[in-house]
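Given the sequences, and given the hints that come with them, work out the whole structure.
In the order they appear, the protein sequences are chains S and F. According to full-length UniProt numbering, numbering within the first sequence proceeds without interruption in unit steps and concludes at 344. According to full-length UniProt numbering, numbering within the second sequence proceeds without interruption in unit steps and concludes at 344.
Some clues are possibly wrong.
When chains are identical, the list treats them as one kind, so a pair holds in a single copy or across two.
[Stated by the list, open to error] Straight line, CA to CA, 30 Å or less: simulated DSBU-like cross-link-like pairs of lysine-lysine: (1) K267 - K245; (2) K101 - K226; (3) K61 - K253; (4) K88 - K190; (5) K99 - K123; (6) K16 - K88; (7) K226 - K251; (8) K61 - K251; (9) K7 - K59; (10) K61 - K103; (11) K185 - K226; (12) K61 - K226; (13) K7 - K267; (14) K341 - K226; (15) K88 - K119.
Just so you know, the hints here were simulated from the structure itself, not pulled from any lab data. In this text, all values refer to a predicted model and were calculated from it rather than measured experimentally.
Protein chains: 2
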Amino acid sequence: MPDVLGKFSEEIKGKKAMFLLVIATTDVSLIPGITIAGATEELTHFTPPADAEFLILGKCKVINAIPVTPSGLPTPAVISRASLSLLKINALVVDAGSKIKPKIPYVDLGGEPGRDIRKGSLKREVAERIVERGTILGEELSNDYELLIIGESIPAGTTTAMATLVGLGYDAMDKVSSASPDNPKPLKRKIVEEALRELPSDLMGRLSKLSDPMLLGVAGISLGFKGKVLLAGGTQMVAASAVIKELGREKLKDVGIGTTRWIVEDKSSDIIDLARQTGVKLSFVNLDFSRSRFDGLRAYERGFVKEGVGAGGLSLFATLQGISEERILSKVEEIYENLLKEAK
Amino acid sequence: MPDVLGKFSEEIKGKKAMFLLVIATTDVSLIPGITIAGATEELTHFTPPADAEFLILGKCKVINAIPVTPSGLPTPAVISRASLSLLKINALVVDAGSKIKPKIPYVDLGGEPGRDIRKGSLKREVAERIVERGTILGEELSNDYELLIIGESIPAGTTTAMATLVGLGYDAMDKVSSASPDNPKPLKRKIVEEALRELPSDLMGRLSKLSDPMLLGVAGISLGFKGKVLLAGGTQMVAASAVIKELGREKLKDVGIGTTRWIVEDKSSDIIDLARQTGVKLSFVNLDFSRSRFDGLRAYERGFVKEGVGAGGLSLFATLQGISEERILSKVEEIYENLLKEAK
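So, in structure tokens, the structure goes:
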């Protein structure tokens, strides 16, 4: 019973699906201590293109290393790649605004990287352009697919997600998750409070100031797509749902979030409350890495990484297509083992 | 009986298909008299993004005008858009190297615009990158589609096509077509002969010097795609087939060209001979615009425009899916009429 709010897994089961990975960066990830998605602050900007390359090719080109946290924990892209290879569905990378571009084909939405939200993330025309072109892309994919699964990779994305949710009036402070078991909540709160201090009164003004290119791209694509949309991610995808609701309220009924058990059970955040507030459906996949052969994967059970690169939604959809959790774990281990071999 | 060489229309009938429009520019189109795809030489670089925007949106954004030749003849994108809207299949724009980018989402292959082939079109690493990323894109689309229909928009593309074919050893001089009924053969021949004067001995060296980003992108995508490939275009697509053959000979059996009757019947070029030389299959669509209500469309029967933006292949595939030529013409006229209204 993976459905927590609504019955989205029943709605999407068996649907003809495609996966999009939407990548972006903001300068929020350069703030020391805000994210563990990169060995140094500067390297966080390499994480989205590295995730994209790993997802598609099984190896990275923008960096000469496996995409892991500083302590050596593997990117959730191993789960996404495992799920995609079992699902055998098409996947494309979409760049909504990354400082470093992946060295593989990607769909360009004409976006730009976000700046520090304390000064303002995006110029208004850039924010509008990302939504507009995202919408066109969603429309373009509507003929052949009944379901779009959308994942994300953006370092410090939970901070911009929290800023966006609070800026749109939700009770979201301290409720977003983190890739670290030590969610740096005081720091996130301080940044978001500062960003909220001077706020434009209109919707696009607020989104331009507080949001990130990924959230706007995901919202645009979802609004343009004519079928169901599975937002594959954690609390960031609640923020994406909130943007979708603001820009096209009637679309939300076709939207659900698919995430991991590690996010739903996370004590440092509250995705269920956030999803309930926005009204988006919420489901999760019951992956259990506690019996994995690899310590790097068992660490997921200790609150590390948790989600990202569409891992939760893709593996959830795989289980709905009849692929067992055991088979997914076995494929994840196979991919992770190859990663470790290549790193030697 | 649209099959001229081979029986490709039988092979692809009923297949699950997607359309890609590959756009690019070279500075060859800046040579006075070489092309009519633009009101001035400089404006030829706006034609590919304008074609892309018109195909997807039904209007142009990079230019404030309908995409027509200087004498007011409509872009073949009206045929492509009509066919797509009847086929209801997904379409994406791929930028292999355009000077002006379309203001819609497009897949970026990391290419660059070509220069004048007399000096050398592309740096070798750029040419290799376009092929490599095109191949990845083709692979990415292989799960859900059995057939990829690939069209092109590149001004002066027949000149780079002729240079490529001759440079690869084919008897192609004076055999490529033109968007004008007065094919500027002496000028094309002069440029190609000059470009051929100093030629690297290896394959990628030759392609870098003589080819254009579109040909390399189309070849890469075709090589990566696991199903059938319908090259939707005229003599340029023979050059693309020749590149495919050089880079992966075994793929050619899954490749066919779909073009218009106007290209096959063109007295100023010889696509049948060129296709026979390369060994690619060739089929055409029997659109007849002689009874059209619009002079701009009847001009196609007088040798203007003829092909482009995937017009021939897309309308051929539409007829294979049971859509009559009359219905296509009627849709083309509807789209063209709206164009004329908006231009007023």
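To see whether the hints hold, each was checked on the structure:
1. K267 - K245: within (27 Å within a copy, 58 Å between copies)
2. K101 - K226: This pair counts as both: shortest intra-copy Cα distance 29 Å, inter-copy 26 Å.
3. K61 - K253: neither (39 Å within a copy, 32 Å between copies)
4. K88 - K190: So K88 and K190 fail the 30 Å test inside a copy (43 Å) and across (50 Å) alike.
5. K99 - K123: Cα proximity of K99 and K123: in one copy and across copies (16 Å, 24 Å).
6. K16 - K88: both (11 Å within a copy, 16 Å between copies)
7. K226 - K251: For K226 and K251, the Cα distance is within 30 Å only inside one copy (9 Å; across copies 35 Å).
8. K61 - K251: Close across copies (27 Å), not inside one copy (37 Å); limit 30 Å.
9. K7 - K59: Result: close neither inside a copy nor across copies, 36 Å intra and 40 Å inter.
10. K61 - K103: Answer is both; intra-copy 6 Å and inter-copy 28 Å each pass.
11. K185 - K226: neither (37 Å within a copy, 48 Å between copies)
12. K61 - K226: Between. Shortest inter-copy distance 24 Å satisfies the 30 Å Cα cut-off; intra-copy 34 Å does not.
13. K7 - K267: Classified as within: same-chain Cα gap 24 Å, cross-chain 63 Å, threshold 30 Å.
14. K341 - K226: between (43 Å within a copy, 29 Å between copies)
15. K88 - K119: neither (43 Å within a copy, 45 Å between copies)
The earlier numbered hints that this structure contradicts are 3, 4, 9, 11 and 15.
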